[in-house]
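Engineer: Sequence:
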Amino acid sequence: MLPNEGTLIQNIEKNVAEILAACKDDPAKTEIARVNFELLITVIKKFEKGPRYYNAILEDQDAAQNNQMQSSFQMPVEKKGEPDAIKYPVIAELEKIYHKKLTTKELQALGSSLSKLQGLKLNRDTKRNKIKLLKWFSTHWQIVHSKIYEFGLNDRSKWDTPKTNPENPPQ
Numbered sequence: 001m002l003p004n005e006g007t008l009i010q011n012i013e014k015n016v017a018e019i020l021a022a023c024k025d026d027p028a029k030t031e032i033a034r035v036n037f038e039l040l041i042t043v044i045k046k047f048e049k050g051p052r053y054y055n056a057i058l059e060d061q062d063a064a065q066n067n068q069m070q071s072s073f074q075m076p077v078e079k080k081g082e083p084d085a086i087k088y089p090v091i092a093e094l095e096k097i098y099h100k101k102l103t104t105k106e107l108q109a110l111g112s113s114l115s116k117l118q119g120l121k122l123n124r125d126t127k128r129n130k131i132k133l134l135k136w137f138s139t140h141w142q143i144v145h146s147k148i149y150e151f152g153l154n155d156r157s158k159w160d161t162p163k164t165n166p167e168n169p170p171q
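For what it's worth, the numbering used here labels the leading residue of the sequence shown as 1, then goes sequentially.
Just the calculated beta-carbon pair ranges, DEER-fashion:
no.: 1; residue 1: Leu58; residue 2: Pro89; range: 39 to 45 Å
no.: 2; residue 1: Leu39; residue 2: Asn4; range: 22 to 28 Å
no.: 3; residue 1: Glu59; residue 2: Lys87; range: 32 to 38 Å
no.: 4; residue 1: Ala64; residue 2: Glu5; range: 32 to 38 Å
no.: 5; residue 1: Ser138; residue 2: Pro51; range: 49 to 55 Å
no.: 6; residue 1: Arg52; residue 2: Gln142; range: 57 to 63 Å
no.: 7; residue 1: Pro27; residue 2: Ala56; range: 41 to 47 Å
no.: 8; residue 1: Leu8; residue 2: Leu39; range: 18 to 24 Å
no.: 9; residue 1: Pro51; residue 2: Asn15; range: 23 to 29 Å
no.: 10; residue 1: Gln142; residue 2: Pro51; range: 56 to 62 Å
no.: 11; residue 1: Leu58; residue 2: Lys29; range: 38 to 44 Å
no.: 12; residue 1: Gly152; residue 2: Lys132; range: 22 to 28 Å
no.: 13; residue 1: Ala22; residue 2: Asp62; range: 44 to 50 Å
no.: 14; residue 1: Glu5; residue 2: Lys46; range: 15 to 21 Å
The hints are simulated quantities; they were obtained by calculation from the structure and are not laboratory data.
Given the structure is predicted, the values throughout are model-derived calculations rather than measurements.
Beta carbons are placed, not taken as given, at the ideal position from N, Cα and C, and that holds for glycine.
Let the sequences and hints guide you as you build the complete structure.
Structural biologist: Laid out in structure tokens, this is it:
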């Protein structure tokens, strides 16, 4: 526990009085004591600034660390309408099998075929959203990958094609 400020001041005054009493008869010692007191005052003033400098250094280090962490956690900017192949490695795997990037309609047809043949649940919302469809392929990839070859779905002509309304043919 630190003593209070009044006690500290009294102790300093007492010590200064003792030093001056010891140097009283010798002018050289008095001069040395005076120079030492001036240096002590300078050090005390710098010591008062020290914590501010120290805190500023710590704040700069914290800011640098935060900037580094933020830059390392930044998500890559995705192009609109095009899912990131890094986020969905299944895209690259399907490209290897079919030698081209599959469109949403092709993914829907492949998903529907696999769903019917294998009995994997593929709901309506998933079929209508490319991102959800890619998540479905990613989740079931271990099963889907082997079944593509087993059922001969590596040939696109065997996929279920989406049903179209004869009154509104696709354009």
